[in-house]
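K.L.:
This is what each chain is made of:
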Amino acid sequence: MAGWDVIVIGSGAAGLAAARHARIQGAEVLVVNKGLVGRTGATITSGGGISVSGEALARLGFAGADPGDRVQDFFEDIVRSGYFLCDQTLVAAIAEGVEEDLADLISLGVKPKVSRRAPGHSSGRGVLVPGPELQKGMTAAALASGVKFREDFVSAELLQSDAGVSGIIGLDRRTGDVEAIEASAVVIATGGTTSNWALRTAPEELVGEGHAMALHGGAELIDMEMLQFLPCCAIAPEMWRGIQIPWILGPQSGVRAWLLNRYGERFLGRWDAQNMELATRDVVAAASAAEVLAGRGSPNGGVYLSWAHLPRDILDQMPGWSKSFSDDWRYQGFDVAPLIDRIRAGHAIEVAPAAHFSLGGIRADADGATAAAGLFACGEAAGGVHGGNRLSGNAGAQILVQGRRAGRAAARHARRVGSIRPEVNWRGARERIEAPLLRNDGVAPAELQRRLAAISEAALAPIRDAQRLTDALDEIRAIREDALPRLAARSHDRSHNRDWADALACNASVSVVEAALLGALARESSLGAHQRSDGVAASTLDHGLCRLVEGQTRHRSEPVQFPFLSQETR
Amino acid sequence: MEIRLRLGRSGDPGITSYQLPAPAEAGLSGDWQGASVSTALQVLQRDVDPSLAYALSCRRGLCNVCAMRIDGDVRTACTTPMRDGILVEPARDSIQIRDMLVELSLVRKARVPSKEHPHAR
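Quick mapping for you: the protein sequence lines, in order, are chains A and B.
Under the numbering used here, the residues of the first sequence are numbered 1 to 570, in order.
Under the numbering used here, the residues of the second sequence are numbered 1 to 121, in order.
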């Protein structure tokens, strides 16, 4: 064997679906993961919604499904809730395709439950598979299919031949070796870029290496300014930062807790007087951020969520209403009893919008193909599906459908191109990857990570303006020139060197944050997750696309296409 | 705020005691009692011992990569609040890789070791 047919980077549900379906097509498949397979990544933290049309659920034999809810209705809900910024071919692929993946999931022994409540959907549509269960099922299925794995391997660059992508180059954190691994096709399934924000719901590792590799490998990034925030996440104490408990104890469960600013005003009245705290999440996030910007926030930079007007014992019912809480107030791994006591005692809880999901990402078609030959992308790493806002459960559908289709397409590509062409960039890449380890003195990677998170947090918050975006872009470009070339690990051990891995993460972060800033600057009007306080009325609806030209990230606009549902029917 | 670590470096069974920086200096919102053991390790690696090895992913007690022996019991460090003088050890010595890192792979049998890989250069 002259190398792998397909390498998949990332082992959440999208990556493992891609790997397994490529393997079923007969490909030799290697899954490469930065951490431990089946444990790291965002899938495990998912609430577990998988949106499916009622008619598909009825065909699959789910009791209580609504057969009148057609695939077309599901499609239209996604496009409308995304403010028509969605790539409709991607939406159609998901709305139509997820039935096959749900049937597949059931055949693997996963037992989805019908979801009664699906906020924002026109029907009670979809099923629930808790994140850890989905991850477990997908890991077992990938193993059984004969996929092979590399763990603790940080992918940093794509191996290039004169005919396209021919593998990956990265760091084995265990051995400390920088290695090239050859393959005929590479699938990027590295998840979103939310770890670049200080306050986030997502796990530690989602910095966007896949996005940076794709950009440097010749692919485009789409609508990178579109970042979904989850409103009402805890900001203090430190241990609960970014955890969505207040949201679940409030609006998410229909408990009508009030959002108040420091003057005690229910500020959502200025945004959506009818729905108030039950408005869509992009509205609640933007409204909360606006209060902080106007100087009406809470001490830790958020707003107050208050249950004080409700009966003191209303939360006693919560373990019965929500499966997220046990009778003794365990939520996920946390003991939240102290929080419940505070609420019962009449205290409000400080909350803020936390970076939750990357709506933008690598531009790929419905088969995951990117502009770079041999490079595919799927799952949260791939952008353009959800447009300007995402409804709950739609990411679950996205990762399964896109994973399957990208895996199959990568296997086909590998068969077509046959053996691998000689690489042309291994030496330069190895030098770039090893540089922070070998450098004796310079910028500590963790320090730069803090700076980068502060930039995202300030300029790429739910509400943006040209001044802050321009300042941030200047700072990012200065970092690219001055700080990245001076990154230095403070320990020179090769094995499990956190500074070294952090330095590689910084390289990726700078690329994705720069793309998001360029997109946010160019989109001068407010749309869904992207709100501009200095916004102007939009004349056309455009995608923002970033690609690398002579080493510089360049942004261009391209009109959105409406092949199935025209904007006028809005 | 003191944290005590049994790192087991070069077979040394000793316990190393560290004084954590003040909460504001460490960038915390609130005090150390409201922070997790994972945050303490993060701050230690960043500000005190750059070579410290530990794992952290989901920060909500689901993925278990941060399982450690804390004051005698194996728990997820990300959901365990700090206390003064807390003792942190590897979850189990027999699976220790380095410091608080332990072997928790779920796919070990299907893993391609780097040295056996035909294309490792």
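Since the hints were derived computationally from the structure, they do not count as laboratory data.
It cannot be assumed that every hint is accurate.
Unchecked claim - Below are the SDA-like pairs computed for lysine to any residue, each with C-alpha atoms no more than 20 Å apart in a straight line:
{"#": "1", "chain 1": "A", "residue 1": "136", "chain 2": "A", "residue 2": "106"}
{"#": "2", "chain 1": "A", "residue 1": "323", "chain 2": "A", "residue 2": "146"}
{"#": "3", "chain 1": "A", "residue 1": "113", "chain 2": "A", "residue 2": "62"}
{"#": "4", "chain 1": "A", "residue 1": "148", "chain 2": "B", "residue 2": "1"}
{"#": "5", "chain 1": "A", "residue 1": "148", "chain 2": "B", "residue 2": "12"}
{"#": "6", "chain 1": "A", "residue 1": "148", "chain 2": "B", "residue 2": "106"}
{"#": "7", "chain 1": "B", "residue 1": "109", "chain 2": "A", "residue 2": "146"}
{"#": "8", "chain 1": "A", "residue 1": "136", "chain 2": "B", "residue 2": "64"}
{"#": "9", "chain 1": "A", "residue 1": "111", "chain 2": "A", "residue 2": "161"}
{"#": "10", "chain 1": "A", "residue 1": "136", "chain 2": "B", "residue 2": "87"}
{"#": "11", "chain 1": "A", "residue 1": "136", "chain 2": "B", "residue 2": "15"}
{"#": "12", "chain 1": "A", "residue 1": "136", "chain 2": "B", "residue 2": "109"}
{"#": "13", "chain 1": "A", "residue 1": "148", "chain 2": "B", "residue 2": "104"}
{"#": "14", "chain 1": "B", "residue 1": "109", "chain 2": "A", "residue 2": "554"}
K.L.:
Take the hints in turn and mark each one as holding or not.
P.N.:
Each hint, compared with the structure:
Simply put, residue 136 of chain A and residue 106 of chain A have alpha-carbon atoms about 13 Å apart, close enough for the 20 Å limit, and the pair holds. Distance check on the hinted pair: residue 323 of chain A and residue 146 of chain A sit about 35 Å apart at the alpha-carbon level, beyond 20 Å; violated. Simply put, residue 113 of chain A and residue 62 of chain A have alpha-carbon atoms about 9 Å apart, close enough for the 20 Å limit, and the pair holds. Of the pairs offered as hints, the one joining residue 148 of chain A and residue 1 of chain B is violated, with about 44 Å between alpha carbons and a cut-off of 20 Å exceeded.
The hinted pair formed by residue 148 of chain A and residue 12 of chain B fails the criterion: a straight-line CA distance of about 36 Å is larger than 20 Å. Proposed proximity of residue 148 of chain A and residue 106 of chain B is supported: the alpha carbons are some 12 Å apart, at most 20 Å. Simply put, residue 109 of chain B and residue 146 of chain A have alpha-carbon atoms about 11 Å apart, close enough for the 20 Å limit, and the pair holds. Pair hint residue 136 of chain A plus residue 64 of chain B holds up; C-alpha atoms about 13 Å apart against a cutoff of 20 Å.
This hinted pair does not check out: residue 111 of chain A and residue 161 of chain A have alpha carbons roughly 44 Å apart, beyond 20 Å. Pair hint residue 136 of chain A plus residue 87 of chain B does not hold up; C-alpha atoms about 32 Å apart against a cutoff of 20 Å. With a C-alpha separation of about 36 Å, the suggested pair residue 136 of chain A and residue 15 of chain B falls outside the 20 Å cut-off, and the hint is violated. A C-alpha spacing of about 16 Å is found between residue 136 of chain A and residue 109 of chain B, which places the hinted pair at or below 20 Å, so the restraint holds.
Only pairs whose Cα atoms come within 20 Å are accepted, and residue 148 of chain A paired with residue 104 of chain B is accepted, the gap being roughly 17 Å. Restraint check for residue 109 of chain B and residue 554 of chain A: the C-alpha separation of about 44 Å exceeds 20 Å, so the hint is violated.
The structure shown violates the earlier hints numbered 2, 4, 5, 9, 10, 11 and 14.
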